[in-house]
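Colleague: Protein chains in written order, with our numbering: chain A, 1 to 139; chain B, 1001 to 1476.
There could be a bad hint or two in this list.
Covered stretches of chain A (in silico footprint by chain B; criterion: 3 or more residues with CB under 8 Å from a CB of chain B, positions within the stretch not fixed) [to be verified]:
1. 9-15
2. 23-31
3. 58-70
4. 102-109
These are calculated hints, taken from the structure and not from any lab test. Beta carbons: idealized from backbone N, C-alpha and C, even for Gly.
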Amino acid sequence: MTTRWEHFDHQADIGIRGYGPTVEAAFEQAGLAVTSVMVPVERVAEDSLIVVQCEAPDLELLLVDWLNGILREMSAKRMVFSRFHVTLDGTRLRGELWGELINSQRHEPSGEVKGASYYEARVWQDEDGGWVAQCVVDV
Amino acid sequence: MDRSTLIRKSEWAWEIPKTGRMLVPGILFASDALIDELDNKVNEQLSNVAALPGIVGAAYAMPDAHWGYGFPIGGVAAFDPKEGGVISAGGVGFDISCGVRTLLTPFNRCDVERIRTKLADELFYHVPAGVGSTSRLNLTKSEMTAMLAGGARWAVEQGFGLPDDAERIEYCGQCDDADPDEVSKEARRRQVEEMGTLGSGNHYLELQVVTEIMEESIAKAFGLVRNGVVVSIHCGSRGLGHQVATEFARRMVMEAAEYGIRVNDRELASVPAYSPPGKAYYGAMRAAANCALANRQILSHFVREVFKRVAGEDPLRLLYDVSHNLCSLEEHEVDGKLKRLYVHRKGATRALGPGHSDLPVCYQKTGQPVLVGGTMGTASYILAGTAGGDRLAFSSACHGAGRSQSRSQAMKQYRGEDVIEKLKRRNITIKARSFRGVAEEAPAAYKDVSAVVQATVGAGLARMVAKLEPMICVKG
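Okay, chain A solo, but in the shape it has when bound (with noise of 0.2 Å):
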């Protein structure tokens, strides 16, 4: 399994896909695949750190907060980020965000990603065993 994100086709919105060996490369991926929804991630300096903790009963309910926790970051400290790093205990996961301050002109920001949402959220190991955390973000 490569560790690799996609963006698959929703009418009106955007689905994100993120590919790992683990879980939680998996989940990093994901966040990946919602940042560049917004921007060029290679143009993206890892410049600072920020912390996102969450825990939910399944997975499915994590990604969702997961990404949501990363839009939430995005939107109140006005940053983009280029790396994620998630560890995962049971059901509380804490993840890793590095970033910067958004640059209009340097990342050249599209449209806004309002919220991670359930539809077609799923969370599941590949016949060769490697993970696919998938949802629909609203765009």
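Dock chain B against the given chain A, drawing on the hints supplied.
Modeller: Using the frame of chain A, we list chain B on its own:
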């Protein structure tokens, strides 16, 4: 959409018959062409809504409907709280009280042509737009609470507008059933620097010229004249509304089962409107709506300042301000009985008919102005609510063009620079902070707004009043 699953009720209305867990049928308002374009997922999503407890009448889809998350966009659903009727955060969406407001200018097309560049530049400079933008406002804790309770009226009291603006805004500029105490610290934190910002995506500030008047008497009452120029603002409740929606959608997912509500899509999670979480959401959502009303009021003030500086005119007059993502407690007649219902409109505009007690005196005879936004390259329309609209879909109408192409498809197919150049040749000035954002919002990625409006009028949901074409469009 597969027509074999539908029963045609009239030229403009189609029924999804009640099957399985559905409590009421689904009704789609559309022309032949729009029905054929519609994805089957709209059918699926509307049928899911029709299965939610306490739904009355039918689950409706406006002619601009497309599939969303949970509820379809362009969906209208009303629930009777006395029959266990629910309220759903997913039924309103993330951008609570996203809406359109239109301001009348004393100018015609030629007047604006003379100052087009200057106006476009000044509006682009003075109206904060785009991801991460901030305004010069920074609300204190008590100001935030006052704003959440007071809406546009609060903004007018702070000097952002004229006293008579309020009556030309839905709910007279203030949802008085808001409960600011239900708005979390996190939601407030996201809004500290976001008051008076336009946002991004499909939000816009547009100068539009009236190119056609279809109903002279109503247009006159609305203050619209042929060749006259108006300003339309499309935006919502910004970060605060997004956070309120996020928190309550989660709470409903967690608590729905306690009320015996099970759904096959978590995004449809709902709780009884009269339950503690239902009441808390209603209060918070209405407070977020006040945030949107205040936001559009402040943006109008920035626009008025620019016009005053560039054109030296008196303040622009407000035509109307209407939300298209909202749930409101309204009285409607169902099976001959007057009921108080929680009416969810997600990507649908309220469209009150003439004589409705919630309308200001100036629109009592005409019905409510219905503001339908197009794309940056196509027409927008101003319609009016009809007397028969209440029986058709709880006095609701379409809200815009509706997407026909996904954002990723649009990004692959169009370049922002090309879109801007093409529109320039049609004498439409685009001022945008992001070429990528422009590509996503390319006019060709949307349905034909004229067809949507034609179906809305054909179905009797609203009356055609005026057609507007874009001149200057400011995007985030």
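Colleague: Could you run down the list of hints and mark each one as holding or not?
Modeller: Here is what the structure says about each hint:
1. 9-15: This one holds; 6 residues, not fewer than the three required, reach chain B with a Cβ under 8 Å.
2. 23-31: Since 0 is below three, the answer is violated.
3. 58-70: holds (count 5)
4. 102-109: Contact hint for the region 102-109 of chain A vs chain B: holds, 4 residues under 8 Å.
Of the numbered hints listed earlier, the single one contradicted by the structure is hint 2.
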